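Enquirer: Residues per chain are reported as follows:
Number of protein chains: 2
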Amino acid sequence: MAALPPGLLGTLDPTSDRAVFRQIADQLREAIAKGRFAEGAKLPSEAELTDHFGVSRMTVRNALSILQSEGLASAEHGRGVFVRPRPPVRRLASDRFAQRHRDQGKSGFTVEAEAVGSRPEVDSLVVREERSTPEMSARLGSARKVLARRRRYLLDGKPVETATSYLPLDIARGTPIAEPNPGPGGIYARLEELGHRLDHFEEEVRARMPAPDEVKTLRLAPGVPVIHVVRTAFDTDGRAVEVCDTVMAADAYVLAYRLPAT
Amino acid sequence: MAALPPGLLGTLDPTSDRAVFRQIADQLREAIAKGRFAEGAKLPSEAELTDHFGVSRMTVRNALSILQSEGLASAEHGRGVFVRPRPPVRRLASDRFAQRHRDQGKSGFTVEAEAVGSRPEVDSLVVREERSTPEMSARLGSARKVLARRRRYLLDGKPVETATSYLPLDIARGTPIAEPNPGPGGIYARLEELGHRLDHFEEEVRARMPAPDEVKTLRLAPGVPVIHVVRTAFDTDGRAVEVCDTVMAADAYVLAYRLPAT
DNA sequence: CTCGACCTCTCGTCTAGATATCTGAAGGAG
DNA sequence: CTCCTTCAGATATCTAGACGAGAGGTCGAG
Numbered sequence: 001m002a003a004l005p006p007g008l009l010g011t012l013d014p015t016s017d018r019a020v021f022r023q024i025a026d027q028l029r030e031a032i033a034k035g036r037f038a039e040g041a042k043l044p045s046e047a048e049l050t051d052h053f054g055v056s057r058m059t060v061r062n063a064l065s066i067l068q069s070e071g072l073a074s075a076e077h078g079r080g081v082f083v084r085p086r087p088p089v090r091r092l093a094s095d096r097f098a099q100r101h102r103d104q105g106k107s108g109f110t111v112e113a114e115a116v117g118s119r120p121e122v123d124s125l126v127v128r129e130e131r132s133t134p135e136m137s138a139r140l141g142s143a144r145k146v147l148a149r150r151r152r153y154l155l156d157g158k159p160v161e162t163a164t165s166y167l168p169l170d171i172a173r174g175t176p177i178a179e180p181n182p183g184p185g186g187i188y189a190r191l192e193e194l195g196h197r198l199d200h201f202e203e204e205v206r207a208r209m210p211a212p213d214e215v216k217t218l219r220l221a222p223g224v225p226v227i228h229v230v231r232t233a234f235d236t237d238g239r240a241v242e243v244c245d246t247v248m249a250a251d252a253y254v255l256a257y258r259l260p261a262t
Numbered sequence: 001m002a003a004l005p006p007g008l009l010g011t012l013d014p015t016s017d018r019a020v021f022r023q024i025a026d027q028l029r030e031a032i033a034k035g036r037f038a039e040g041a042k043l044p045s046e047a048e049l050t051d052h053f054g055v056s057r058m059t060v061r062n063a064l065s066i067l068q069s070e071g072l073a074s075a076e077h078g079r080g081v082f083v084r085p086r087p088p089v090r091r092l093a094s095d096r097f098a099q100r101h102r103d104q105g106k107s108g109f110t111v112e113a114e115a116v117g118s119r120p121e122v123d124s125l126v127v128r129e130e131r132s133t134p135e136m137s138a139r140l141g142s143a144r145k146v147l148a149r150r151r152r153y154l155l156d157g158k159p160v161e162t163a164t165s166y167l168p169l170d171i172a173r174g175t176p177i178a179e180p181n182p183g184p185g186g187i188y189a190r191l192e193e194l195g196h197r198l199d200h201f202e203e204e205v206r207a208r209m210p211a212p213d214e215v216k217t218l219r220l221a222p223g224v225p226v227i228h229v230v231r232t233a234f235d236t237d238g239r240a241v242e243v244c245d246t247v248m249a250a251d252a253y254v255l256a257y258r259l260p261a262t
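Protein chains in written order, with our numbering: chain A, 1 to 262; chain B, 1 to 262.
Just so you know, the hints here were simulated from the structure itself, not pulled from any lab data.
Nothing here was measured: the structure is a model prediction, and the numbers come from that model.
Wrong hints could be hidden among the right ones.
To be verified - Non-contacting residues of chain A with respect to chain B, defined by C-beta distances greater than 10 Å in every case (computed): (1) Gly40; (2) Arg57; (3) Glu112; (4) Val116; (5) Asp123; (6) Ala178; (7) Asp199; (8) Glu204; (9) Arg208; (10) Lys216; (11) Pro222; (12) Tyr253.
What the hints assert, rightly or not - To be clear about the criterion: a stretch of chain A counts as covered by chain B if any three or more of its residues have a C-beta under 8 Å from a C-beta of chain B, and this derived list gives those stretches: (13) 164-172; (14) 255-261.
Claimed, not checked - Not the full set, but computed from the structure, chain B residues with beta-carbon under 7 Å of chain A: (15) Ile66; (16) Gln68; (17) Glu70; (18) Gly71; (19) Glu121; (20) Val122; (21) Asp123; (22) Pro159; (23) Phe201; (24) Arg206; (25) Asp213; (26) Val215; (27) Gly223; (28) Leu255; (29) Tyr257; (30) Ala261.
Just so it is clear, CB atoms sit at the ideal spot from N, CA and C, and this is done for glycine as well.
Could you build all of it, start to finish, from the sequences and the hints given here?
Expert: Laid out in structure tokens, this is it:
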């Protein structure tokens with residue numbers, strides 16, 4: 001076992017009342033912040049840290065798990081623990097739903113993916129009728145059943161977002177909206193053709209840790225939260241014509257909004 | 001040691017290749033989801049779970065730490081592990097910066113706090129001149145030094161948000177903006193009085209896990225992400241007159257936006 | 001040269017304790 | 001009755017190992 005290069009990490013303070021595993025985590029965190037470990041670089045192995053600090057392996061693992069829960073590092077079984085690179089974030093423009101994009105037949109996701117030079121993909125498309133939940137009824141008016149359109153979005157093969165649109169059946173049933181592929185411009189273009197002229201959207205943005213199924217679907221690394229957006233589309237009659245429930249990998253997104261000051 | 005009530009939790013599947021501590025976490029998660037443990041209720045103690053499942057204490061602790069990292073539970077030293085209550089979330093209205101609130105002399109935070117019947121507080125107010133960072137220079141134009149206004153917001157005594165406003169010195173120096181208390185309506189009202197008529201704001205929203213100092217300042221429980229908002233204010237000349245960097249406890253906030261469809 | 005067996009390093013899971021610290025309740029001193 | 005001590009129960013930290021499993025390199029058989 002080769003020892004760690006001297007000076008890379010410091011030593012423990014036995015007089016401190018700060019737990020040993022936290023001190024170790026602190027040192028690693030500081031070393032990462034100072035660039036002593038580059039993005040994507042491998043941290044010292046558990047055995048090396050065990051030797052360097054003179055503690056048991058569980059204590060070292062405890063320290064490493066802190067860094068992972070903070071999203072600073074991620075472990076790869078059989079390889080090591082690595083500094084998590086900050087992925088190039090993608091910008092979700094505020095004019096995502098502008099008329100001009102619909103007119104060009106492009107969906108919001110396609111527009112954004114092309115803007116950063118990435119390859120967009122859509123996945124696991126399920127369209128079906130479902131019973132409405134109380135929450136959805138409150139948002140959509142009183143529809144008993146709704147049309148649900150579920151899909152997953154990928155960027156260069158990596159899943160970044162899942163979205164489910166809910167529409168009242170009396171609007172969507174028997175229209176292209178109920179087809180897997182609703183045609184150019186997406187369902188918003190179809191809604192306008194059906195006479196529901198869109199007026200505005202309301203978005204609610206939350207952040208939280210993912211549920212286990214979300215970790216799986218979005219292939220989330222430990223310590224990555226999700227951004228949960230619920231968007232309601234209103235037509236010019238003031239009726240809610242669609243609710244879109246979106247869960248995004250927080251390390252892949254920056255949401256951009258423009259607010260008037262008046 | 002009293003045994004657990006029968007039926008509250010199931011048993012392990014020794015043939016499964018799913019790790020034991022994950023199976024235990026799954027069972028607890030499911031029990032919480034089904035309401036067998038109410039919000040704020042105490043989960044079985046480590047000793048009880050150890051007995052019930054016939055595993056060592058470290059394994060049980062491992063399972064409980066998963067629930068905490070998911071934000072589903074939080075441990076209290078010497079008391080037990082409790083189901084985290086979903087706190088009543090606060091709504092950040094899209095018209096937060098509307099002219100009418102400034103005219104009434106109310107800040108955005110005060111307006112929102114009153115809307116949910118909570119007692120707002122502002123804390124640790126620091127106003128000083130600082131060197132500008134490259135990022136800030138890019139956002140604010142080219143100011144070499146900036147005025148920084150740091151503060152922490154509390155709701156009913158609980159810290160929920162920290163915010164730092166940065167303003168170019170040529171605008172702010174020697175004005176009420178450089179005072180700890182800028183007067184009614186806050187700095188936006190002062191900016192308008194100084195001839196900088198506000199035109200619009202641009203907000204960038206990110207979510208991530210908190211850094212250790214943010215955990216401390218916002219008294220965040222483990223497994224709670226933060227929402228990071230950077231807002232830039234533009235005047236009618238198109239000049240950026242203020243950048244506000246805000247870090248919010250994600251379990252205390254829902255951000256609401258209204259987007260035009262045109 | 002190619003491919004597969006094997007070997008080593010690495011992280012993943014689990015056990016069975018020991019000691020420390022915090023909380024809340026019970027009980028005694030005043 | 002009030003205050004303080006004591007104690008039981010709970011989580012926090014740490015040790016010292018054992019075995020499992022994935023990744024990647026070495027090296028010999030073919």
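Enquirer: If a hint holds in the structure, say so; if it does not, say that too.
Expert: Results for each hint:
1. Gly40: Given that every Cβ of chain B is farther than 10 Å from that of glycine 40/A, nearest at about 18 Å, it holds.
2. Arg57: holds, 13 Å
3. Glu112: For glutamate 112/A, whose nearest Cβ neighbour in chain B is about 14 Å away, the distance exceeds 10 Å, so it holds.
4. Val116: holds, 15 Å
5. Asp123: holds, 23 Å
6. Ala178: At roughly 22 Å from the nearest Cβ of chain B, alanine 178/A sits farther out than 10 Å, so the non-interface label holds.
7. Asp199: violated, 6 Å
8. Glu204: violated, 5 Å
9. Arg208: Contrary to the label, arginine 208/A does not stay out of reach of chain B, its closest Cβ about 6 Å off (not over 10 Å).
10. Lys216: holds, 13 Å
11. Pro222: violated, 8 Å
12. Tyr253: Violated, because the least Cβ-Cβ distance between tyrosine 253/A and chain B comes to about 8 Å, which does not exceed 10 Å.
13. 164-172: Contact hint for the segment 164-172 of chain A vs chain B: violated, 0 residues under 8 Å.
14. 255-261: holds (count 7)
15. Ile66: This interface hint is violated because 9 Å lies over the 7 Å limit.
16. Gln68: violated, 9 Å
17. Glu70: Given a least distance of 5 Å, the restraint on glutamate 70/B holds.
18. Gly71: Since the shortest Cβ distance to chain A is 4 Å, the answer is holds.
19. Glu121: Where the cut-off is 7 Å and the nearest Cβ of chain A is about 23 Å from glutamate 121/B, the hint is violated.
20. Val122: violated, 22 Å
21. Asp123: Result: violated, 23 Å to nearest chain A Cβ.
22. Pro159: violated, 17 Å
23. Phe201: Cβ of phenylalanine 201/B sits 4 Å from chain A, so the hint holds.
24. Arg206: holds, 5 Å
25. Asp213: With a closest approach of 11 Å, the aspartate 213/B hint is violated.
26. Val215: violated, 9 Å
27. Gly223: holds, 5 Å
28. Leu255: This hint holds: leucine 255/B lies near chain A, its Cβ roughly 4 Å from the closest one there, short of 7 Å.
29. Tyr257: holds, 4 Å
30. Ala261: Alanine 261/B check passes; min Cβ-Cβ to chain A is 4 Å, inside 7 Å.
Hint check: violations occur at hints 7, 8, 9, 11, 12, 13, 15, 16, 19, 20, 21, 22, 25, 26; the rest are consistent with the structure.
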